[in-house]
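Enquirer: Below are the chains, spelled out letter by letter.
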Amino acid sequence: MWVLMLPALVPVALFSVGPLLYGIGLAFTDARNARDHETSFVGLENLVQLLADDDFWSSFRIGMIWGVSVTVLQFLAALGLALLLNQDLRLRNVARVLAVVPWAMPPVVIGLMWKLVYHPDAGILNGLLGTDVNWLADFSLALPAIIVVGVWTGMPQTTVVLLAGLQGIPRELYEAGEVDGACRWRRFWSITLPQLRPVIVAITSLDFVWNVNQFGLVYVLTQGGPGGRTRLPMLFAYEEAFRYRYAGYASMLGLAMAVVVLAVLGLCLWRQMRETAR
Amino acid sequence: MRRAPQYLALAAYIAFLAFPLAWLLSTALKTPQEMAQTDPTWIPRAPTAANFADAFGEQDLVGAATRSLVVALMSSVVTVVIALPAAYAMARHRGLLNRVAIGWVLVSQVFPVILIIIPLFVILRDLELVNTLTGLVLVHVTFTLPFALWMLQGYVRAVPRELEEAAAVDGASRLRSIGAVVAPLLAPGVVATLLFAFISSWNEFLFALVVLRDPGVMTLPLTLARFVGPEGVARLGPLAAASLMATIPSLVFFAIIQRRLKSGLMAGAMKG
Chain A
338 MWVLMLPALV PVALFSVGPL LYGIGLAFTD ARNARDHETS FVGLENLVQL
388 LADDDFWSSF RIGMIWGVSV TVLQFLAALG LALLLNQDLR LRNVARVLAV
438 VPWAMPPVVI GLMWKLVYHP DAGILNGLLG TDVNWLADFS LALPAIIVVG
488 VWTGMPQTTV VLLAGLQGIP RELYEAGEVD GACRWRRFWS ITLPQLRPVI
538 VAITSLDFVW NVNQFGLVYV LTQGGPGGRT RLPMLFAYEE AFRYRYAGYA
588 SMLGLAMAVV VLAVLGLCLW RQMRETAR
Chain B
52 MRRAPQYLAL AAYIAFLAFP LAWLLSTALK TPQEMAQTDP TWIPRAPTAA
102 NFADAFGEQD LVGAATRSLV VALMSSVVTV VIALPAAYAM ARHRGLLNRV
152 AIGWVLVSQV FPVILIIIPL FVILRDLELV NTLTGLVLVH VTFTLPFALW
202 MLQGYVRAVP RELEEAAAVD GASRLRSIGA VVAPLLAPGV VATLLFAFIS
252 SWNEFLFALV VLRDPGVMTL PLTLARFVGP EGVARLGPLA AASLMATIPS
302 LVFFAIIQRR LKSGLMAGAM KG
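Protein chains in written order, with our numbering: chain A, 338 to 615; chain B, 52 to 323.
Bear in mind the hints are in silico, worked out from the structure with no lab data behind them.
Model, not experiment: these values are computed from the prediction.
There's no promise every hint is true.
[Claimed, not checked] Label-pair ranges, simulated between beta-carbon atoms:
# : chain 1 : residue 1 : chain 2 : residue 2 : range
1 : B       : Gly-146   : A       : Gly-362   : 27 to 33 angstroms
2 : A       : Trp-339   : B       : Gly-154   : 34 to 40 angstroms
3 : B       : Ala-101   : A       : Arg-508   : 52 to 58 angstroms
4 : A       : Gln-609   : B       : Arg-53    : 33 to 39 angstroms
5 : B       : Gly-222   : A       : Gly-355   : 41 to 47 angstroms
6 : B       : Gly-146   : A       : Cys-520   : 49 to 55 angstroms
[What the hints assert, rightly or not] Covered by chain A, per the in silico footprint, the following chain B stretches (three or more residues, Cβ under 8 angstroms):
# : stretch
7 : 57 to 66
8 : 95 to 104
9 : 253 to 262
Positions of the beta carbon are idealized from the N, C-alpha and C atoms, including for glycine.
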């Protein structure tokens with residue numbers, strides 16, 4: 338049986354497990370993406386430098402604002418849509434198809450499409466709102482503008498998962514609730530939400546990880562501009578590694594982000610387990 | 052009338068989801084002259100399909116689409132050919148490896164790609180595979196494999212073991228029983244996995260950005276992204292048209308697997 342697994346194991350080991358370990362190692366060196374460079378071990382120097390780097394902290398702050406707000410808004414919007422789709426409404430099928438379309442689109446195309454919407458001259462948004470704003474180049478509006486795109490992009494997947502969760506809730510619970518005279522709001526709080534909880538925890542954790550690690554969408558929309566106002570940590574790391582060629586430093590940045598994400602995730606999952614254990 | 056608020060909310064969702072798509076379509080149908088005018092309208096004043104033809108006329112775009120197609124076809128076929136025997140082994144002999152594989156699917160979700168991509172770039176450079184489609188195919192196969200494996204072993208598991216045993220009782224060799232009994236039942240799963248791998252590769256951006264540095268070898272997402280640089284409005288029409296066409300393969304894929312998405316595939320993906 339091992340022979341059957343071999344062709345699959347070799348590439349994964351060589352081009353993904355190996356590089357990951359290598360990358361973690363690089364974080365502790367002064368490696369550069371240049372041919373003639375003697376790489377040497379520098380211990381925690383990259384981390385010290387990272388923690389003293391204002392550009393990193395501003396990128397980190399932007400990454401957290403982006404990650405948290407996109408994840409929360411995505412969840413709220415998706416929950417609303419899933420609740421609507423779970424009812425017997427007309428037009429439901431139209432919404433259902435539309436809800437999957439963003440999921441099916443290449444991230445680059447989503448970015449381009451929203452660039453057209455936000456375009457100061459040829460875009461529709463200024464026309465709709467009667468404004469004259471260059472949305473993606475404005476220092477204070479660029480981040481909110483890309484957050485909207487993030488929500489639009491990630492909402493479908495979250496909706497589909499939540500809808501599947503809703504459909505898994507046993508009908509008898511609601512019938513019992515009705516017999517007890519619970520109003521619609523009360524049934525939502527004491528039946529739907531608790532029943533949905535494991536699904537919610539799973540999908541929001543995943544959404545958070547995906548959002549914090551987002552790259553392509555924002556790269557196409559703003560390339561991190563204006564003036565670094567939308568430079569998510571992954572864009573920052575990409576620039577450090579492939580524009581300035583500080584491979585070691587960029588690896589430490591990636592590693593630091595992974596630790597942060599794992600810590601947040603661990604905390605959420607730990608709380609969830611404690612709650613269910615009660 | 053009791054449901055009026057709900058319909059209102061549903062309409063708002065439909066509007067939010069649909070309006071950027073509608074605008075993309077509208078832009079794709081506008082003439083360069085109209086694009087140059089201020090005060091754009093939803094309905095093109097003189098709708099034209101010329102942008103679609105123009106997109107085909109752009110050397111870069113056609114070349115990039117061809118390269119994307121080659122890379123996506125190669126990666127999906129290689130992925131499935133490698134994953135199928137492994138998936139069979141995983142499904143029929145559950146054990147440590149199974150858990151390791153699923154663990155890896157999770158880990159690969161959490162770790163930022165940037166951490167893998169820097170050393171990967173160094174490895175590919177040493178193998179002289181930077182700026183080659185082979186290099187990109189290799190990377191795409193590697194990163195689609197865990198999920199493809201896990202999808203396929205689910206499909207193998209759905210084929211009852213008893214069927215194979217029955218074939219063995221009838222005197223069929225193991226290979227023959229796999230060929231005659233398992234393969235036909237597995238075909239839809241194989242097609243779904245092929246499509247999944249194809250779309251992952253077709254849509255992929257970051258790895259392509261790192262591996263393909265030279266404009267002459269870039270895939271479609273890269274070329275589209277380059278297109279929007281500091282351009283004039285005149286080129287936005289063909290760009291919108293090309294973007295729409297670049298979406299067609301994924302849309303077809305999602306249309307095919309929509310049913311599965313709602314039930315099995317996603318339920319499983321969440322467990323993964």
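Enquirer: So, for every hint listed, does it hold in this structure?
Expert: These are the hints, each one checked on the structure:
1. B:Gly-146 - A:Gly-362: 27 to 33 angstroms: holds, 30 angstroms
2. A:Trp-339 - B:Gly-154: 34 to 40 angstroms: violated, 18 angstroms
3. B:Ala-101 - A:Arg-508: 52 to 58 angstroms: holds, 55 angstroms
4. A:Gln-609 - B:Arg-53: 33 to 39 angstroms: This hint holds: roughly 36 angstroms between Cβ atoms.
5. B:Gly-222 - A:Gly-355: 41 to 47 angstroms: Given about 45 angstroms between the Cβ atoms, the range holds.
6. B:Gly-146 - A:Cys-520: 49 to 55 angstroms: Between Gly-146 of chain B and Cys-520 of chain A, where Cβ atoms are some 51 angstroms apart, the hint holds.
7. 57 to 66: Check passed, 7 qualifying residues.
8. 95 to 104: violated (count 0)
9. 253 to 262: holds (count 6)
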